[in-house]
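Novice: All chains should be built: construct the whole structure from the sequences, respecting the hints.
2 protein chains.
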Amino acid sequence: MKTIKIIKIGGNIIDNEDALATFIKDFSTIAGPKVLVHGGGKLATKLATQMNIPVKMTEGRRITDTETLDIITMVYAGKINKNIVAQLQANQCNAIGLSGADGNTIVSEKRPVKTIDYGFVGDVKKVNTVVLNILLSNNVTPVFCAITHNENGQLLNTNADTIASELAIGLSSIFNTELYYCFEKNGVLESVEDDDSVIENINTESYKALKDNHIIFEGMLPKLDNCFHAINQNVQKVCIGKSDMLFNTNNKHTTITK
Amino acid sequence: MKTIKIIKIGGNIIDNEDALATFIKDFSTIAGPKVLVHGGGKLATKLATQMNIPVKMTEGRRITDTETLDIITMVYAGKINKNIVAQLQANQCNAIGLSGADGNTIVSEKRPVKTIDYGFVGDVKKVNTVVLNILLSNNVTPVFCAITHNENGQLLNTNADTIASELAIGLSSIFNTELYYCFEKNGVLESVEDDDSVIENINTESYKALKDNHIIFEGMLPKLDNCFHAINQNVQKVCIGKSDMLFNTNNKHTTITK
Numbered sequence: 001m002k003t004i005k006i007i008k009i010g011g012n013i014i015d016n017e018d019a020l021a022t023f024i025k026d027f028s029t030i031a032g033p034k035v036l037v038h039g040g041g042k043l044a045t046k047l048a049t050q051m052n053i054p055v056k057m058t059e060g061r062r063i064t065d066t067e068t069l070d071i072i073t074m075v076y077a078g079k080i081n082k083n084i085v086a087q088l089q090a091n092q093c094n095a096i097g098l099s100g101a102d103g104n105t106i107v108s109e110k111r112p113v114k115t116i117d118y119g120f121v122g123d124v125k126k127v128n129t130v131v132l133n134i135l136l137s138n139n140v141t142p143v144f145c146a147i148t149h150n151e152n153g154q155l156l157n158t159n160a161d162t163i164a165s166e167l168a169i170g171l172s173s174i175f176n177t178e179l180y181y182c183f184e185k186n187g188v189l190e191s192v193e194d195d196d197s198v199i200e201n202i203n204t205e206s207y208k209a210l211k212d213n214h215i216i217f218e219g220m221l222p223k224l225d226n227c228f229h230a231i232n233q234n235v236q237k238v239c240i241g242k243s244d245m246l247f248n249t250n251n252k253h254t255t256i257t258k
Numbered sequence: 001m002k003t004i005k006i007i008k009i010g011g012n013i014i015d016n017e018d019a020l021a022t023f024i025k026d027f028s029t030i031a032g033p034k035v036l037v038h039g040g041g042k043l044a045t046k047l048a049t050q051m052n053i054p055v056k057m058t059e060g061r062r063i064t065d066t067e068t069l070d071i072i073t074m075v076y077a078g079k080i081n082k083n084i085v086a087q088l089q090a091n092q093c094n095a096i097g098l099s100g101a102d103g104n105t106i107v108s109e110k111r112p113v114k115t116i117d118y119g120f121v122g123d124v125k126k127v128n129t130v131v132l133n134i135l136l137s138n139n140v141t142p143v144f145c146a147i148t149h150n151e152n153g154q155l156l157n158t159n160a161d162t163i164a165s166e167l168a169i170g171l172s173s174i175f176n177t178e179l180y181y182c183f184e185k186n187g188v189l190e191s192v193e194d195d196d197s198v199i200e201n202i203n204t205e206s207y208k209a210l211k212d213n214h215i216i217f218e219g220m221l222p223k224l225d226n227c228f229h230a231i232n233q234n235v236q237k238v239c240i241g242k243s244d245m246l247f248n249t250n251n252k253h254t255t256i257t258k
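Quick note, the sequences are listed as chains A and B, same order.
First residue of the first sequence? That's 1 in this note's numbering, and the numbers climb one at a time after it.
First residue of the second sequence? That's 1 in this note's numbering, and the numbers climb one at a time after it.
Source of the hints: derived by calculation from the structure; they are not laboratory data.
Misleading hints may appear alongside valid ones.
In this list, chains with the same sequence are indistinguishable; a pair is considered to hold if it fits within one copy or across any two.
[Unchecked claim] Within a straight-line C-alpha distance of at most 20 angstroms, the following computed SDA-like cross-link-like pairs (lysine to any residue) qualify: (1) Lys125 x Val107; (2) Lys25 x Asn150; (3) Lys126 x Gln92; (4) Lys46 x Glu67; (5) Lys110 x Asn91; (6) Lys126 x Asn91; (7) Lys46 x Leu69; (8) Lys25 x Glu151.
Specialist: Okay, here's the thing in structure tokens:
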């Protein structure tokens, strides 16, 4: 089986024009099949402010109502996705921008209402690899925004980290799959303030201890849960760190193992 | 060679939720390879107003500046394109939404500045059929918004009628190509006020006479120029009318011939 790299980038790259241009140039040089997944950064919030659409919160959680879903679709699938694709093309990477609706690649269901109704937020149910495999076999690089659909015509806002892990799991039936979460830090840190305090390896056992000792908390928990979900479902390699880890093997980062 | 239908829809369908739902349902039943091209309708202007971004005009012509290009990219490639794709998927049509940057399908160049600088407006230079053919051979239906790129990272606002004719011409090397322009009238009319006064056939000779007699004028001229451009470059069939012409052969419409 060929090896594929699924690479997720977040706001620290998306929101910085120079960082994005550098990343895209480097990403284009990666040999072999690859998939890019991008988050939304701060642009959606900026657009909502410009349009005078308030951020909707319920019990401290952000809600995706119809207007917010429209904004997300415009910013993620429109502005960010198409500009990334155009820049990849300029770097001779034959990219194609996708939401989960395109090619029916990622099917999700609206998150069930328990105490909170999150609105148009989707939990991934299924990744269809048919169209993805056709594209990848023809050296076309899929670029995913964080939007999926429910097969009944409804688009759904979906966590970009989850999209990356589910794509990696789905593609593991036809590729050796490597999943890279790029963010603003060098990896999972012992001490949040010290970017050199990278924990280079986390396994199921040490993860439990790191949680119990409150060294890993808050926003890192869902990211790491996505990592362990992937590594426990046939993904061969899962790494977290700065995007430099992809291009410089000496760059410290965190590797997740079973 | 197989026959492919390239179908362009405009604002009268895009701006009307029920009309769009009906069209999508009908479009999904069309057998064989097909491509949908959609215009933008009124949503871009609405968003610009909401964002307090004025429409830029020079010498009476609309200009696509950076802010306007962003709006167009968000509305056309984001909101409209992804919602159409999701609805097509709900009707078992395996659609994939594309700009000309995606798969490097449509390359354009920024319109040269003569008396007017139109801004980020692209004139189509080339249609690349490689990725399109891969998708179409696998029963995937491309859905194009009216945005192209220049292969140097720049997205460009491009006339949707032109995109449809250039796609039809480009695809004519691998398919028998039929091009359908759907709009709010039954076809090219003898009298603008009378929707029954359809001119059922226009050829190069009668087109000249219709122009000379000012029966065809203004907005219809670029549309018809696109039609003749297509029919003179290997497109087998070019029709203009209400979208009903696709589904009901008794429906009057205009056919363009050499």
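Novice: Each of the hints needs a verdict: does it hold here or not?
Specialist: Structure-based check of all given hints:
{"no.": "1", "hint": "Lys125 x Val107", "result": "within (6 angstroms within a copy, 36 angstroms between copies)"}
{"no.": "2", "hint": "Lys25 x Asn150", "result": "between (34 angstroms within a copy, 17 angstroms between copies)"}
{"no.": "3", "hint": "Lys126 x Gln92", "result": "between (31 angstroms within a copy, 16 angstroms between copies)"}
{"no.": "4", "hint": "Lys46 x Glu67", "result": "both (14 angstroms within a copy, 14 angstroms between copies)"}
{"no.": "5", "hint": "Lys110 x Asn91", "result": "between (37 angstroms within a copy, 19 angstroms between copies)"}
{"no.": "6", "hint": "Lys126 x Asn91", "result": "between (32 angstroms within a copy, 18 angstroms between copies)"}
{"no.": "7", "hint": "Lys46 x Leu69", "result": "both (14 angstroms within a copy, 17 angstroms between copies)"}
{"no.": "8", "hint": "Lys25 x Glu151", "result": "between (35 angstroms within a copy, 14 angstroms between copies)"}
Consistency with the previously given hints is maintained throughout, with no hint failing.
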